[in-house]
Amino acid sequence: DTEVTQTPKHLVMGMTNKKSLKCEQHMGHRAMYWYKQKAKKPPELMFVYSYEKLSINESVPSRFSPECPNSSLLNLHLHALQPEDSALYLCASSPGLTGELFFGEGSRLTVL
Amino acid sequence: GIQVEQSPPDLILQEGANSTLRCNFSDSVNNLQWFHQNPWGQLINLFYIPSGTKQNGRLSATTVATERYSLLYISSSQTTDSGVYFCAVGASNSNSGYALNFGKGTSLLVTP
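Going down the list, the sequences are from chains V and Z. In case it helps, my numbering puts the first sequence at residues 18 to 129. In case it helps, my numbering puts the second sequence at residues 140 to 251.
Don't read these hints as lab results, they were simulated from the structure. Glycine included, each C-beta is placed from N, C-alpha and C at the ideal position. Heads up, a few of these hints could be off.
What the hints assert, rightly or not - Straight line, CA to CA, 25 Å or less: simulated BS3-like cross-link-like pairs of lysine-lysine:
| # | chain 1 | residue 1 | chain 2 | residue 2 |
| --- | --- | --- | --- | --- |
| 1 | Z | Lys243 | V | Lys55 |
| 2 | V | Lys58 | Z | Lys243 |
| 3 | V | Lys55 | V | Lys26 |
| 4 | Z | Lys193 | V | Lys53 |
| 5 | V | Lys35 | V | Lys53 |
| 6 | Z | Lys243 | V | Lys57 |
To be verified - Chain Z is faced by these chain V residues, among others (derived, beta-carbon under 10 Å):
| # | residue |
| --- | --- |
| 7 | Pro78 |
| 8 | Asp102 |
| 9 | Thr115 |
| 10 | Gly116 |
| 11 | Phe119 |
| 12 | Phe120 |
| 13 | Glu122 |
| 14 | Arg125 |
To be verified - A few chain V positions that, by computed beta-carbon distances, are all more than 12 Å from chain Z:
| # | residue |
| --- | --- |
| 15 | Thr33 |
| 16 | His43 |
| 17 | Ala48 |
| 18 | Ile73 |
| 19 | Cys85 |
| 20 | Ser89 |
| 21 | Leu90 |
Assemble the whole structure, with the sequences as input and the hints as a guide.
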């Protein structure tokens, strides 16, 4: 079962709200990723976790806060977002830092 | 980081036609994947192909790592093939570790 599950599928939030995006995989993968995709653009890397430790932060603003509680779960905590942060947020996992990446269906975020 | 260029940017085909999508990259890679992004935003894995040739039904792909390019062949296209095709590469010597960097994609429309 090559499945990465993301919740919620859609999220609308105000600029003062605090919300979280969740990602789960049960493939035994040890690397997990957050990507951000704006309309008609390719996905852009935000964070990489390897063995539950943050290994890459692509200069993402602090209003995005990742968390990896265990090897199967990855969260993205959102606070004080701006309307320009509205995008599709994609989670992915891979067996390690090499190997095939598998993506979830994404969480479509709208910031009002 | 590694530069990824895809061509053509847009392609319109009549159902039943064949096509070739190209991906050029600027440095050695240890990961190359082709994805199809459907209208709902999900990235569907087509091929994990850092080198060599693979086939899956009407689709096939070839990566010539020494010449830094990959090709995706679509034969007997169907309307369900419409969407955006992304090439993504990763390399251990990149600033982003092993995470994938995406090209800008080829937007394919197959008409009946």
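| Hint by hint, which ones does this structure get wrong, listed from lowest number up? | Going through the list in order, the structure violates hints 4, 7, 8, 17 and 18 and respects the others.
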